[in-house]
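Colleague: Sequence:
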Amino acid sequence: MGGVQSAGQGREAQQSAAAPTGRHSDEQGAQAGSAARGPGADDRPTDTVAPPPAAALGPVAASFRAPAGNPGAEAGTTAARAGRQSAEQVTDKLPVPEAETPETERATQAARPKTVGAPTLSRLAQSKQRQRQRVQLVARGTTAFVAVLALVVTGVGWNYLRATDNGFQQVSALDEKSDDIVDPGGQLGDENFLIVGTDTRAGVDGNIGAGTTEDAEGARADTVMLVHIPENRQRVVAVSFPRDLDVTRPVCEGWDNEKARYTEASFPQAAGDKLNATYALGGPKCLTKVIQKLVGLRIGHFVGIDFNGFSSMVDTIGGVEVCTKKPLVDDELGTILPNPGRQMLNGPTALDYVRARHVYGEERSDYDRIHRQQLFLSSLLRGALSSKVLFDIGKLNNFINAFSGSAFMDAVSTKDLLMLGRSLQKVDAGAITFLTVPTAGTTSYGNEIPRESDIKEIFRAIIDDQPLPGEKKAPEPTPGKPAAPATAPKALTAVDPSTVSVQVSNGSGTPGIANTSATKLSNQGFQIYNVGNYSGGTISTTKVRYSSGLEAEAATVASAIPGATIESTSGLGSIVEVALGSDFTGTVHAPTSFGNPLPEVPTSSASSSDETPAALPSDLEHVNAADDNCK
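Numbering (this note's numbering), first residue to last: 18 to 648.
Hints are computed from structural coordinates only; laboratory data are not their basis. A couple of the hints might just be wrong.
To be verified - When the alpha-carbon atoms are kept at most 30 angstroms apart in a straight line, the in silico DSSO-like pairs for lysine-lysine are as follows:
#  : residue 1 : residue 2
1  : 276       : 310
2  : 473       : 194
3  : 473       : 489
4  : 194       : 537
5  : 310       : 194
6  : 537       : 443
7  : 489       : 342
8  : 412       : 276
9  : 343       : 489
10 : 310       : 412
11 : 443       : 489
12 : 412       : 443
Said to hold, decoys possible - Quick list of simulated restraints, FRET-style, between CB atoms:
#  : residue 1 : residue 2 : range
13 : 203       : 344       : 43 to 49 angstroms
14 : 483       : 280       : 40 to 46 angstroms
15 : 288       : 342       : 37 to 43 angstroms
16 : 265       : 358       : 41 to 47 angstroms
By construction, the Cβ of each residue, glycine as well, lies at the ideal position given by its N, Cα and C atoms.
Based on the sequences and whatever the hints tell you, model everything.
Modeller: Here it is, written out as structure tokens:
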């Protein structure tokens, strides 16, 4: 069905009467921001599109120009990223799109009479005319692409991103040094986002059907999803957690969801808590600790969004198409979709579609709801990444504003999202998989009991990038033997060191040498991403490891380290890793000057070791983003 469905009697009238507003005042945002982590605890990449000025590298370089006080404690040492951007007035505005042809003129053009009878052009002339038309269509498409590209790589684009960041409500949520993280070195380059949809019932949320504070005071985690993007950026895995999952709550600070900040209250550890209740008491920090302990992933980003933000995001992209094989009627929300088939949902209806837990004909409550959420998000992703949004500056701006106006987050900026989006441009829908953690019945309190051993195996498969049920990734080339040593192409020229993010890993067996080397590389202008021990253990030869497309960056780094070889690997994202071997003498000199030809350096390809396949449960529920639910 083509029409946009309504979400209950009178709901749209309430929606139109309440104009969406931001969640927090500037004063509240400043208070919440004061609880955020300081720059010293931050370890995200410092990727840049344009070479930054020397002043921008101050905090990073300074952290390495001062020798480490305890070289023996090198494992896990993380370089601090550049400090927060100074608060400055952004005067650049988005370019105003050219005025469209007036409707009256378009109508006149459309009404021009066509010649009746035999064509006046010869077949050859008609063929040439069709070719010109095709070229014009391609040119228009190219122009649209270039316009968007120009927005994000020019000063106007970056100033726009910086202005958007000012609307992001920052909170403290992460615990990236936790002992619960499994194989931190093996997760280098991976990105993990914990995404929470909250069911706060105050303010605007109550107007769009979330209920009232009389129904349930405060805010709970109505939806909890962990999104994993591996270092090679070849797939996306989103894992959903039932909101009634039985968990052990750690000691937590109190959390005020309405103000997005922590309180002076403190809650003791407690077993038998529900996942959403854990969030209600302890907020993002407490929830992150629980999920991280359960799965072992290093959660590096947190995003929380309320009902109003979700509804507005759907409306800004013109709705989201879903398909249902039968009408959707909920015992509490009423009739959501009166008819089966394909249909476009507006914001309020979409909200009911993903929230309904008591649908007639569905017997699994939260699991059926999670399945619907996953199908919906597959369609939302396709819509948000389509040309109708990405190539429409107005829609893109409105979508980002709807997101930022109703969200609170930690370690998320528009720059992070842009860099991530660029690295995911070639990911097919078939490589996006949604999973649901398995459970084994309920407790006497109705809590879903997690099957912890199965969950560990699921996330081992995710960390090791093993195949998942329903995944439809494009076939990869058959791996062959490691390539014989060769030489780097002579056509390579040196890049600016300030554009290269370097991970320094100690495989030499000598404590403290990676910290010292990082300081020396920083002094030569390279940006230091992280310092730690090499995940491959002790090695004899120093090597510079890189992913496809970063050959020149790797060769530039190698030119500063005498005797270093170059090794291409399955994926490090945008990071170049220096793995120090036992042959490393400690010498680091100036790299080849920017723009000059690079010297010939021995190169090789890393051989992949066979990993034991994870024992995934046979009943693991999954949805693939390429699935058509109507077939």
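Colleague: The structure should be examined with respect to each hint, and the outcome stated for every one.
Modeller: These are the hints, each one checked on the structure:
no., hint, verdict
1, 276 x 310, "27 angstroms, holds"
2, 473 x 194, "20 angstroms, holds"
3, 473 x 489, "23 angstroms, holds"
4, 194 x 537, "25 angstroms, holds"
5, 310 x 194, "12 angstroms, holds"
6, 537 x 443, "36 angstroms, violated"
7, 489 x 342, "24 angstroms, holds"
8, 412 x 276, "28 angstroms, holds"
9, 343 x 489, "27 angstroms, holds"
10, 310 x 412, "39 angstroms, violated"
11, 443 x 489, "14 angstroms, holds"
12, 412 x 443, "22 angstroms, holds"
13, 203 x 344: 43 to 49 angstroms, "47 angstroms, holds"
14, 483 x 280: 40 to 46 angstroms, "42 angstroms, holds"
15, 288 x 342: 37 to 43 angstroms, "41 angstroms, holds"
16, 265 x 358: 41 to 47 angstroms, "45 angstroms, holds"
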